[in-house]
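Peer 1: These protein sequence lines map, in sequence, to chains A and B. Those letters in the first sequence? Residues 27 to 290, by our numbering. Those letters in the second sequence? Residues 8 to 363, by our numbering.
Don't take each hint at face value.
Reference listing, derived: stretches of chain A covered by chain B, where coverage requires no fewer than 3 residues with Cβ under 8 Å from a Cβ of chain B [as the list claims (entries may be wrong)]:
1) 88-95
2) 222-231
3) 247-254
Below, a list of computed lysine-lysine pairs in the DSS-like style, where the Cα atoms sit at most 30 Å apart [said to hold, decoys possible]:
4) B:K134 to A:K288
5) B:K64 to B:K53
6) B:K226 to A:K164
7) B:K329 to A:K288
8) B:K134 to B:K61
9) B:K53 to B:K128
10) A:K288 to B:K53
11) A:K288 to B:K61
12) A:K135 to A:K164
13) B:K329 to A:K200
Across the chosen pairs, the derived CB separations fall in these ranges [claimed, not checked]:
14) B:I177 to A:V43: 34 to 44 Å
15) A:V43 to B:V189: 20 to 30 Å
16) B:K329 to A:P130: 26 to 36 Å
17) A:F269 to B:S341: 42 to 52 Å
18) B:T146 to A:V44: 49 to 59 Å
19) A:V43 to B:P201: 50 to 60 Å
20) A:D171 to B:V85: 34 to 44 Å
21) B:V85 to A:Q138: 53 to 63 Å
22) A:A47 to B:G47: 41 to 51 Å
23) A:P130 to B:T65: 58 to 68 Å
If you are wondering where the hints come from, they were derived from the structure by calculation, not from laboratory data. Built from N, CA and C at the ideal position, the CB exists for glycine as well.
Letter by letter, the chains look like this.
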Amino acid sequence: MARKSRKANRRHPLATVVLIAIGLVVTGGGYAAFSSTTTASADTSASSQETIDEGEKLFAANCATCHGMNLQGTDDGPSLIGVGAAAVNFQVGTGRMPMAMQGPQAMQKPVQFNDEQTAAMAAYVASISPGPAIPDAKYLQADGDAANGGELFRINCAMCHNVAGAGGALTEGKFAPELTGVLSTHIYEAMLTGPQNMPVFNDDNLTPEDKRDIITYLKYLENNPSPGGFELGNLGPVAEGLFVWIFGLGAIIALMVWLTAKSN
Amino acid sequence: MAHDEVSGHDTAASDSSAVETTRGTTAGTTVIASDVVNPGEPPHRKRVTDVDPKANKTAQRSVYTLFYLSIAGSVFAVAAYMAFPIEDGDPTALRLNTLFIGIGIALALFGIGLAAVHWGKALMYDKEGIDERHPVRGTDATRERAVEIFEQADKESGFGRRTLIRNSLIGALVAFPLPGLVLFRGLGPQNEDPVELLSHTMWQKGSRLTLDPTGIPVKAADITIGSVFHIIPEGLNEREDRLEQKAKAAVLLMRLNPDDLNISPGREGWSYDGIVAYSKICTHVGCPVALYEQQTHHLLCPCHQSTFDVVNECEVIFGPAKRPLPQLPIEVDSEGYLVAKSDFNEPVGPSFWERP
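My request is simple: use the sequences and hints to build the entire structure.
Peer 2: So this is what it looks like as structure tokens:
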């Protein structure tokens, strides 16, 4: 009896409210801390012989171990014949290449080369065999039809990348990355070249205008807050369910304990 | 304080009544073994608000503060509704509108609730009292009187005597829900065999494979290796029941290196130069299977992680699906467009009772 009353003494009537408030602030703050952006840009298509030579040197020093001196590929890396400048700009420009180690998929990491070096390597790879070029800037302005982009995104992309572009899991440790904070160029190049396990969406499937609309949709999502309030990472039922189970049910249980406890 | 005097007296009263309860053998307590002594109610414990006038004052203050806070919340919700109009359709305004109205209303309701409970717990009279449970069974006289009333009512109304009227009433009561049943039946499929509907799709010999959602026909040459095209049958967008048809006829078109495909006997002519078409409807519970990994050639269903191996005719390699995805036989017409050779050779989607 005495123990019970001492226990009751420790609880302030407003403790529950404070607890919920702390929980909300921690969750929101944690989410805000995670939203960071990466920056890298490359929009040159000029490929003089000098650039190509420069790219060849960089390629020989950094890429040839796995991809072969003549882009033919080895046991450690695929052939780069026909991948084009777009693939190089995407893989190197997002830091996926050079790869740190073999794994389920090449991870995004700090970019290893500056824009000039990336462009030089892209020019070199494109000079060996033709492939998709770095996209025209007029498709990258995010000024298309967001509604059409949204429909195309839901049909072609949302199953892997999530309807809000938050990314999602694939098989055996692979995943589709989130699309917020990704440069328009890289989104376009990814659709065009199908990096790693992503399928290719060539211009007969999604025309350049379609790709522009999809970029417009993604940039719209990025620049406009969700009208529904906290997104909780837009991860869908798992994140939302976890939140409700912990904070919703937690608050209900805390209130019940307070309701039924005797006043001290 | 007078308050305390009452409490002392009351505690004593409740203690004695507790003792009596153990001795008495009312219906509810007979199961208690005689050697177990009912300890009775614990002694009354005074609250801080009973003994410390300062704490009492604080409790009073927090109760009325919470009530005032509730009023403030209501006013805030009204003000927020005015301050963040949603007429212009701006999502930021909508978000702020719902957020602040919600905060205001939550404050208003929580304020009332918290204050009421706090008032009851900390300030209201809190002495323990016991109300004995009274027997549920009525006295014999009451029971006899009840039977008497029923018999009298039966006699006066003639319910038992006039059987024709009574039975017609029962008949009317039975008949009146029937229109509801008929109306509900009307919501179901009419003059259609559901088995037939589930067994066939819009695809037929010669129908072109067209892009979802535009309906633009696809040429075999358009499809590069590693591509995945989301396909609907030609003419789907013009149909009135396009959603019903799309739910069965959606197809995923992929191009692999022809050498990678393991084609079983009987399916040799179903693909074209590495281009294969499979139903997008999962054989587990019908989710759209569309997570295609172009290097591993695995197709993953997002709902329950069933994984299909496109190289081996979409056989199930993981997850709860039981059957491979049905393959749509395709060929190329004279203009180079991809067309279906026939409908699917088996029902698409999840199992159903009558499925062969």
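Peer 1: Out of the numbered hints, which ones does the structure contradict?
Peer 2: As far as the earlier hints go, 1, 7, 14, 15, 17 are violated by this structure, in ascending order.
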